[in-house]
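Engineer: Below are the chains, spelled out letter by letter.
Protein chains: 2
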Amino acid sequence: MSDSAFWRELGQQLRVDSIRSSDAAGSGHPTSSMSAADLIAVLMANHLHYDFDQPKDPRNDHLIFSKGHASPLYYSFLRAAGAITDDDLLTFRQLGSKFEGHPTPVLPWVDVATGSLGQGLPIGVGVALAGKRLDRLPYRVWVLCGDSEMAEGSIWEAFEHAAYNKLDNLTAIIDVNRLGQTRQTMHGWDLDSYADRAIAFGWHAIEVDGHDVDAIDRAYTEAAEAHDRPTVIVARTKKGKGASEVEDKEGKHGKPLSDPKKAIEELGGERSLTVSVAKPTGNAEPHRSSTDGGVKWPQWGPDDEVATRRAYGDALAALGGERADVVALDGEVSNSTFSELFAKAHPDRYFEMFIAEQQMVAAAVGLQVRRYRPFASTFAAFFTRAYDFVRMAAISRARICLAGSHAGVAIGEDGPSQMALEDLAMFRAVHSSTVLYPSDPNQAATLVRAMADYPGIAYMRTSRGATPTIYGPDDRFEIGGSSVLRSSDDDQVTLIGAGVTLHEALKAADALSAQGIAARVIDLYSVKPVDEETIRQAAADTGAIVTVEDHWPEGGIGDAVLSALAEVEAVRVHKLAVTGMPGSGKPAELLHEFGIDSDAIVAAAQDLVRTPAGAN
Amino acid sequence: MSDSAFWRELGQQLRVDSIRSSDAAGSGHPTSSMSAADLIAVLMANHLHYDFDQPKDPRNDHLIFSKGHASPLYYSFLRAAGAITDDDLLTFRQLGSKFEGHPTPVLPWVDVATGSLGQGLPIGVGVALAGKRLDRLPYRVWVLCGDSEMAEGSIWEAFEHAAYNKLDNLTAIIDVNRLGQTRQTMHGWDLDSYADRAIAFGWHAIEVDGHDVDAIDRAYTEAAEAHDRPTVIVARTKKGKGASEVEDKEGKHGKPLSDPKKAIEELGGERSLTVSVAKPTGNAEPHRSSTDGGVKWPQWGPDDEVATRRAYGDALAALGGERADVVALDGEVSNSTFSELFAKAHPDRYFEMFIAEQQMVAAAVGLQVRRYRPFASTFAAFFTRAYDFVRMAAISRARICLAGSHAGVAIGEDGPSQMALEDLAMFRAVHSSTVLYPSDPNQAATLVRAMADYPGIAYMRTSRGATPTIYGPDDRFEIGGSSVLRSSDDDQVTLIGAGVTLHEALKAADALSAQGIAARVIDLYSVKPVDEETIRQAAADTGAIVTVEDHWPEGGIGDAVLSALAEVEAVRVHKLAVTGMPGSGKPAELLHEFGIDSDAIVAAAQDLVRTPAGAN
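Going line by line, the protein sequences match chains A and B.
2 is the number of the first residue of the first sequence in this note's numbering; add one for each residue after it.
2 is the number of the first residue of the second sequence in this note's numbering; add one for each residue after it.
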């Protein structure tokens with residue numbers, strides 16, 4: 002059999018297997034798989050370099066299905082590569098099966114979870130950046146995109162960054178099957194519309210008939226030869242290609258075929274072709290950059306007033322001097338987040354992502370695919386832009402560190418658009434996350450080090466304004482811990498804050514003390530996981546707790562404390578948080594106006610102490 | 002004075018005033034204002050149609066500062082238009098001033114809050130869609146963009162949709178001042194790079210010297226004459242133009258000038274020019290579309306098993322038959338969210354936003370600027386993509402209704418990428434929001450009607466699977482309420498759920514009853530605001546509460562209940578929620594596997610009832 006004939010047969014097998022697995026599952030997306038089957042057949046047979054026995058081989062290419070709903074095709078590809086059995090394939094979408102509705106890294110060959118459209122390509126940019134700038138290995142990154150997902154802005158962030166970084170190791174393959182979920186896409190089969198956009202963004206573009214295996218083969222060869230530019234292959238395909246029941250028909254998205262038997266017959270029946278995908282060769286040693294950044298681990302003394310964002314930058318720069326795997330990204334606010342300190346010390350490991358927060362988080366996810374430890378920073382408020390990417394990063398079992406500066410009304414004059422007031426809630430509601438909120442520079446630095454080893458999504462909220470140094474450089478802080486700063490046997494009330502409100506709580510404790518009210522003060526620097534034991538002890542000891550946070554009342558410190566006390570009786574909690582929409586003003590004015598300064602804490606504590614327990 | 006000479010003088014005044022206000026505030030972005038001053042001077046003097054005394058006049062043009070940090074320029078523009086005084090201007094960024102760090106609609110002339118980059122243009126697309134397709138009035142939408150924000154993907158979603166919808170009433174003005182916050186942008190002064198992209202996306206593009214007032218004037222005229230296409234004016238400008246201290250210099254972003262006196266002198270000193278901005282003329286009556294959709298208000302009987310997403314669609318279609326101001330948008334999943342029912346009944350008021358969730362929410366915000374009541378729907382998980390737009394919509398004091406379908410593990414086989422497990426937390430942590438989660442079709446329909454009158458961000462979570470009908474069509478449900486479905490004087494425990502878990506709670510109550518344990522059941526369909534009174538009464542009556550939700554443990558129903566009970570003693574709450582990362586499976590299998598089905602509720606309730614109060 003000629004190569005071309007084999008590729009065509011292989012394409013048919015991928016289609017048949019996509020139909021079979023979806024039929025076994027009773028759900029799935031066979032038609033979206035069938036359109037791209039020839040594209041994947043030629044890729045695996047003649048262009049991909051991958052050792053399925055060694056998925057962590059640094060030389061392997063990376064194949065990302067940005068159109069994750071084409072999972073039947075991906076799993077059929079794995080079967081054709083000999084990586085999985087036919088029985089595996091037919092467990093598709095069953096409880097406990099690793100062959101989920103959309104691919105996730107529970108399978109060793111899957112780099113990242115997809116299924117939220119528009120993410121695979123920006124993540125691929127991150128992997129390709131790792132290949133070019135860090136590993137300096139010749140692996141290629143192939144990303145299969147759907148035409149519908151070209152409507153996602155994140156795709157164009159990826160186009161921009163791939164061209165800007167001259168990622169000629171990246172190839173995007175757009176499966177232009179014309180049909181979305183409910184109707185034709187905006188551009189139908191107008192391949193030029195995609196190619197013109199890509200060219201304007203600085204890419205090399207090739208238009209092909211996505212069912213002409215020889216044309217596809219030539220396109221991949223041309224893509225691999227492109228220099229200084231990424232390539233997009235814009236392929237005209239038919240959804241459901243080869244089965245008359247569904248081919249190029251509307252209303253056939255995301256469901257198994259009614260008559261799979263007939264369709265399989267039309268496609269020439271079941272096959273068991275196996276492809277020996279080419280293994281990667283050559284140097285297997287990724288480049289490792291120097292750890293000589295000339296930065297000492299930072300320390301601050303009791304007289305220093307320092308913003309935690311500054312401490313973040315100092316610590317990150319120092320950490321980069323200890324660990325070659327630590328890299329940093331920023332959304333063009335590095336002089337605000339202080340990631341610029343890392344950029345200056347380790348320019349080869351700093352990635353300027355400009356004002357593209359989705360691409361920034363996606364690139365972080367891509368970099369960790371290649372086992373780097375990315376720290377990505379921007380204003381905390383602007384991580385809301387990338388929430389879907391964070392959500393999916395958790396499904397990808399990614400290890401990424403995120404730092405958001407400029408938390409809360411305490412930023413002052415810039416006003417509400419720049420004030421993060423929902424970030425604690427947003428990041429707490431992420432699987433596998435930790436949420437850290439230091440109150441002091443030494444603590445911030447220690448937690449930066451801890452984040453680098455955290456096996457999930459680590460988020461740190463940093464503050465804009467300088468605050469006093471209350472800890473020593475050798476004090477220990479662990480993820481999941483807390484710090485009790487004031488405590489006595491006579492405590493009548495407990496004050497819990499973090500960041501700027503911890504300092505307000507300390508002031509409040511002094512004021513209360515002057516009134517004869519002993520207050521315990523807890524620094525809840527680890528908002529998730531939360532130190533349940535210390536909180537419960539405080540509840541048992543004092544029976545009254547005031548929480549105070551520069552955040553909306555929902556989902557932040559107050560809710561974390563209440564959650565720790567859910568099954569505890571005999572404790573009353575008063576939550577102080579930002580309840581009105583802020584405007585501009587000086588930080589202290591806004592803390593006062595929104596009732597989260599020491600005055601408000603004192604009043605709330607007095608109230609709790611004066612109202613007899615059990616009165617409500 | 003010739004027109005050109007006047008425009009130049011006016012530009013200088015806008016610069017001087019930007020410097021003065023930032024100097025008075027001690028912060029702000031004068032240099033980013035100075036680059037665009039000539040663009041705004043010519044616009045207001047010769048092209049804008051706006052009645053500052055009647056900001057709600059439907060004929061008014063709309064001017065949106067997508068680069069919201071150029072607020073000093075915007076406020077200087079208001080002063081030059083005679084809308085505000087010089088004293089007003091100099092309150093910039095002070096506590097209580099309406100002249101905030103970034104513009105918000107506390108000023109009557111501001112349509113929407115900006116300051117998170119990349120939002121003004123997609124919102125402008127929404128306003129322009131209203132003008133073209135709904136109002137059918139000839140007002141124009143002018144959006145001033147920064148060059149840095151062109152890196153945001155949302156900008157390209159806007160380019161795509163503006164061209165697709167042939168919005169020739171929309172003009173984007175890109176102030177290419179070359180410099181971002183820390184460095185040069187990716188494209189510097191390469192105007193072609195922006196123009197080429199815009200042309201590829203289907204726009205008309207004009208490159209100009211942004212300090213040549215005559216060229217600017219011609220460009221605006223050309224833009225207004227463009228037919229069937231939006232126009233972008235790509236203007237080469239200098240940041241800090243006209244002041245030697247800052248002109249085209251790095252490191253001058255976001256700070257007042259060191260020597261404002263000298264700069265003002267260089268700019269020719271203070272001026273008090275006033276422009277009579279042309280008032281709009283002609284027909285002031287927006288078109289109102291027919292309310293004849295032929296859809297009756299839906300009702301379901303006790304034997305119907307119906308998904309709440311289906312009820313959402315039926316109710317929305319019916320509501321559209323009652324109210325001409327109700328419009329719908331969807332992210333190309335209208336057959337999943339059932340907004341397709343609205344689309345069929347009212348095609349002229351349905352907007353297909355394809356897979357561009359940021360643009361979808363932005364368009365909703367733009368449509369409500371023109372006083373429509375937009376309902377935007379997609380899978381609940383994909384609203385994470387638009388969280389920054391929702392956050393900013395709250396600052397815009399926008400009234401929008403959002404509906405997210407496919408909540409939680411109960412969706413089954415599609416897997417975690419499609420399962421919303423953070424949406425309740427995300428939407429609770431939005432200022433002015435209400436979060437609704439109906440459990441029954443009649444309830445869902447009633448709440449759809451309530452959402453339309455809600456003065457903020459209204460979010461409804463709908464379910465994929467069919468559930469029994471438990472309410473009658475005349476039952477009343479109010480935002481902030483709850484429904485007690487089982488209650489007796491002997492209740493020993495309270496079960497609180499919503500959506501699919503409410504039905505599990507009802508099953509659990511039956512099972513507990515058979516064991517002699519009386520359980521109260523509360524349907525918490527309004528997760529925010531939460532019905533504190535009913536929850537507290539249940540706490541007082543039963544002393545033990547089990548909350549159960551198809552959501553991560555953080556920020557959802559459990560936390561809302563705990564928050565209502567913060568100051569209540571003598572109650573123990575056990576939260577059931579999804580704690581592990583789900584895979585695929587059947588809905589019932591996943592509810593069981595993740596401990597949120599009736600079995601888990603029964604076990605938790607037994608535990609609470611058997612453990613004597615006060616034992617912990």
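To be clear, the hints were calculated from the coordinates, so they are not data collected in a lab.
One should not assume that every hint holds.
Each pair may be met inside one copy or between any two copies, as identical chains are not told apart.
[Stated by the list, open to error] Listed next, the in silico DSS-like pairs over lysine-lysine satisfying Cα-Cα at most 25 angstroms (straight line):
#	residue 1	residue 2
1	K253	K345
2	K167	K263
3	K587	K253
4	K263	K99
Engineer: Each hint: holds or not?
Structural biologist: The hints, checked one at a time:
| no. | hint | verdict |
| --- | --- | --- |
| 1 | K253 x K345 | between (54 angstroms within a copy, 19 angstroms between copies) |
| 2 | K167 x K263 | neither (47 angstroms within a copy, 44 angstroms between copies) |
| 3 | K587 x K253 | between (58 angstroms within a copy, 22 angstroms between copies) |
| 4 | K263 x K99 | neither (29 angstroms within a copy, 69 angstroms between copies) |
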